[in-house]
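A.B. asks: For reference, the chains in residue letters:
There are 10 protein chains.
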Amino acid sequence: MLFQVQMDVRLPHDMPAEQAESLKKTERERAQALMRNGQWRHLWRVAGRYANVSVFDVSGAEELHQILSTLPLFPFMQIEVTALCRHPSSIREDDR
Amino acid sequence: MLFQVQMDVRLPHDMPAEQAESLKKTERERAQALMRNGQWRHLWRVAGRYANVSVFDVSGAEELHQILSTLPLFPFMQIEVTALCRHPSSIREDDR
Amino acid sequence: MLFQVQMDVRLPHDMPAEQAESLKKTERERAQALMRNGQWRHLWRVAGRYANVSVFDVSGAEELHQILSTLPLFPFMQIEVTALCRHPSSIREDDR
Amino acid sequence: MLFQVQMDVRLPHDMPAEQAESLKKTERERAQALMRNGQWRHLWRVAGRYANVSVFDVSGAEELHQILSTLPLFPFMQIEVTALCRHPSSIREDDR
Amino acid sequence: MLFQVQMDVRLPHDMPAEQAESLKKTERERAQALMRNGQWRHLWRVAGRYANVSVFDVSGAEELHQILSTLPLFPFMQIEVTALCRHPSSIREDDR
Amino acid sequence: MLFQVQMDVRLPHDMPAEQAESLKKTERERAQALMRNGQWRHLWRVAGRYANVSVFDVSGAEELHQILSTLPLFPFMQIEVTALCRHPSSIREDDR
Amino acid sequence: MLFQVQMDVRLPHDMPAEQAESLKKTERERAQALMRNGQWRHLWRVAGRYANVSVFDVSGAEELHQILSTLPLFPFMQIEVTALCRHPSSIREDDR
Amino acid sequence: MLFQVQMDVRLPHDMPAEQAESLKKTERERAQALMRNGQWRHLWRVAGRYANVSVFDVSGAEELHQILSTLPLFPFMQIEVTALCRHPSSIREDDR
Amino acid sequence: MLFQVQMDVRLPHDMPAEQAESLKKTERERAQALMRNGQWRHLWRVAGRYANVSVFDVSGAEELHQILSTLPLFPFMQIEVTALCRHPSSIREDDR
Amino acid sequence: MLFQVQMDVRLPHDMPAEQAESLKKTERERAQALMRNGQWRHLWRVAGRYANVSVFDVSGAEELHQILSTLPLFPFMQIEVTALCRHPSSIREDDR
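Line by line, the protein sequences give chains A, B, C, D, E, F, G, H, I and J. Sequential numbering from 9 applies to the first sequence in this note's numbering. Sequential numbering from 9 applies to the second sequence in this note's numbering. Sequential numbering from 9 applies to the third sequence in this note's numbering. Sequential numbering from 9 applies to the fourth sequence in this note's numbering. Sequential numbering from 9 applies to the fifth sequence in this note's numbering. Sequential numbering from 9 applies to the sixth sequence in this note's numbering. Sequential numbering from 9 applies to the seventh sequence in this note's numbering. Sequential numbering from 9 applies to the eighth sequence in this note's numbering. Sequential numbering from 9 applies to the ninth sequence in this note's numbering. Sequential numbering from 9 applies to the tenth sequence in this note's numbering.
FYI, nobody ran anything at the bench for these hints, they're computed from the structure. Cβ atoms here follow ideal geometry from the backbone N, Cα and C, with glycine treated the same way. You can trust all of the hints, since none of them are fake.
Computed list of chain H residues with no C-beta within reach of chain J, every gap over 12 Å: (1) H21; (2) M23; (3) F84.
Sample of chain H residues facing chain G (criterion: CB under 10 Å; computed from the structure): (4) D22; (5) S77; (6) V89.
Now the stretches of chain D that chain C is said to cover, found in silico as 3 or more residues with beta-carbon under 8 Å: (7) 33 to 47; (8) 51 to 58; (9) 85 to 92; (10) 95 to 103.
Whole structure, please, built from the sequences with the hints as guidance.
C.D. replies: Dropping the structure here:
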């Protein structure tokens with residue numbers, strides 16, 4: 009099942025640079041692992057903002073929440089979730 | 009270049025059923041032609057609403073506008089455009 | 009899988025009374041059939057508004073959209089969907 | 009009488025981890041006691057956010073406020089309350 | 009139990025004057041009957057707008073909805089309901 | 009002249025408990041004095057939130073501002089003011 | 009007592025031109041009469057919009073509502089009212 | 009003096025095609041005349057919407073309003089005006 | 009040229025009282041100087057809020073920005089600017 | 009390709025003055041370099057606010073994001089991006 013997720017990151021201005029770098033590094037590793045196993049299907053940067061638009065392919069809301077809530081940057085993100093389904097006009101096999 | 013586009017359709021309640029059907033049929037044919045040639049890369053239905061989330065792969069804003077503004081349902085849609093770019097953490101070749 | 013759905017109904021002021029009554033009657037029959045088979049798990053009226061708060065128990069977004077988009081009042085409703093999952097503090101067996 | 013309540017939790021980034029854990033533990037115990045005695049009838053996690061959707065079954069607004077305002081996380085929550093009533097189409101006995 | 013209710017009235021511009029007058033007259037009679045029996049406790053006009061702020065004293069959300077949804081102007085009003093309870097600092101006996 | 013006033017209180021999380029208690033105590037004494045002399049006519053708690061809905065009976069905006077801006081919690085409140093006037097349908101003598 | 013009032017006018021697109029002209033002419037005469045007697049103290053056009061920003065000098069909300077609600081364009085205006093009072097830093101005698 | 013103006017056009021769905029074409033043609037001629045004489049300095053289409061972003065170079069708000077309020081599409085546009093001034097970091101001579 | 013300006017002040021809760029007093033005193037002196045020379049034409053307090061509504065009479069946006077951006081409280085204010093022009097119905101000589 | 013970008017700057021109140029000055033100085037140098045090479049085509053100050061409206065001329069969203077995300081003030085700015093394209097009515101050669 010597919011979910012569109014938009015994440016806006018807001019790091020506190022007084023977070024030490026090393027802590028921020030460490031968080032981002034762990035976040036990247038986590039994201040790439042999830043992309044490799046197919047759960048984080050798409051990941052795009054929103055131009056001009058510290059934000060991304062993503063599509064997740066998971067078994068349901070439970071699995072989605074388990075993934076999002078354990079991301080290292082989760083406490084610093086504003087997240088919007090939209091449940092998607094196959095569009096009757098789509099001709100692309102994997103847009104389901 | 010990639011753009012995320014969200015389209016919400018609002019047909020007037022007094023539009024004759026045949027006109028609505030005809031519009032939707034032409035829209036679908038147009039959408040599928042654009043998907044076949046790669047410009048309309050992704051198309052998903054938003055669950056519970058007469059709306060879709062799409063990703064377009066075009067040469068720029070000019071081509072995007074030419075496509076969207078000539079869709080049969082364009083006069084009846086509220087459209088939001090977000091410019092996307094490659095995310096540094098993405099490992100998917102075509103998420104650019 | 010559970011979804012919270014809020015539906016706000018707005019009938020056009022010039023809809024003939026019989027048509028409105030007929031729509032509401034069919035909607036009620038449809039809703040009750042869905043409640044009987046367990047897909048429409050909860051249905052409450054929002055006090056003071058022609059609106060409801062509902063919880064659906066479906067296999068996923070696909071089934072939810074199929075249900076909502078074929079409700080007789082669908083063209084006249086503004087709908088908001090929220091994907092739910094089990095809360096770790098819940099002690100109620102069926103709140104999953 | 010039923011109220012739908014949505015709670016969004018925002019803990020300050022500089023709250024010590026032990027304090028946060030202690031608050032969450034007390035909150036969970038409190039929530040479960042209220043669920044056991046029937047006042048907190050439903051509790052769901054909103055997928056992707058540190059938030060819940062709940063339904064309370066109380067004698068009125070007085071009792072609801074007494075419960076919510078003494079939750080350990082109350083000072084850190086944004087709360088929205090919606091008064092519900094029985095829907096004429098509902099066939100479920102306890103959706104009142 | 010007390011509810012604050014704000015009602016904004018929007019009559020369609022093409023409603024015949026007699027129909028509007030008749031609706032307003034019935035609405036006033038209904039409102040005054042409800043004020044006399046104590047259910048519609050306060051009624052104020054919002055300065056500069058076709059809107060009112062009211063306080064209802066009812067047994068619960070069920071009774072409130074029964075009253076509001078049968079007002080003659082209900083189909084033409086946007087309504088917001090806020091559940092109130094006694095304020096610990098109040099010294100006024102009937103502000104409960 | 010009557011004004012509806014909604015006050016939402018937001019105390020900083022790092023305010024010492026004694027300071028908060030002291031502020032609330034002074035606020036309560038001030039509110040009760042204003043209720044006794046008739047300027048703060050109604051005071052209700054909004055269910056589920058650290059907020060109140062009030063009605064003030066003052067000579068005009070000048071007196072209202074003098075009252076509100078000297079409340080001990082004023083620096084910590086978000087305040088909305090609505091000018092009220094007598095509703096032509098009201099039968100309650102003092103709803104002016 | 010002073011009120012700032014912002015009025016946005018939205019005439020229906022199908023209103024006959026003569027009716028619109030007649031309404032505007034009566035509105036202008038009414039406005040000028042109110043300016044001459046001092047109740048409508050200031051009147052400015054918002055650049056680029058069919059809207060105005062005004063300041064009224066009236067005895068209270070009752071008089072303000074009586075004026076605004078009988079303006080010929082009242083049914084076609086969205087109105088926002090802000091109660092003003094003298095600013096302690098003002099040196100202008102009549103800004104009270 | 010420079011103003012940024014954003015115009016969103018919403019033609020009624022029941023406007024006859026010839027009327028719409030005629031309006032757009034006159035609008036275009038008017039816009040091009042204003043561009044030629046330097047008052048309408050920049051004009052861009054917003055990608056994916058029937059809207060434009062413009063910059064006007066006029067003597068002040070009076071002249072801006074005279075121009076905008078006499079555009080043929082003015083009754084069908086939602087307009088937002090932002091007053092601009094020279095940015096201290098700008099090195100472009102005519103960005104004043 | 010006239011601009012309506014609304015300023016909402018938000019001083020940080022941890023600003024020392026002397027610093028706040030000093031800022032306010034300088035702000036007042038600055039405001040009164042600008043009122044004396046006619047640039048700050050009107051200044052009113054918004055009832056119930058630490059905010060003002062003002063009208064400035066300046067040569068253009070450049071002068072307005074120079075004034076506002078050098079106010080002592082500028083870093084602590086949220087400011088909204090609206091360009092005004094003479095209203096065709098105004099009979100007041102200086103409402104231009 | 010052109011993008012309209014609006015940037016609102018919000019420096020933390022407790023940032024040392026030298027740090028703020030240093031940031032602004034580097035930002036200005038960076039902006040002027042980008043203006044000189046044509047990527048930052050227009051730059052205007054929004055009257056009355058610490059904000060600017062800009063137009064960028066870049067090869068696409070990738071280049072735009074690379075520019076914006078490396079501005080010294082990027083962590084302190086709220087940014088909105090709008091993709092522009094040539095307007096069919098424009099007569100200005102470089103408004104593409």
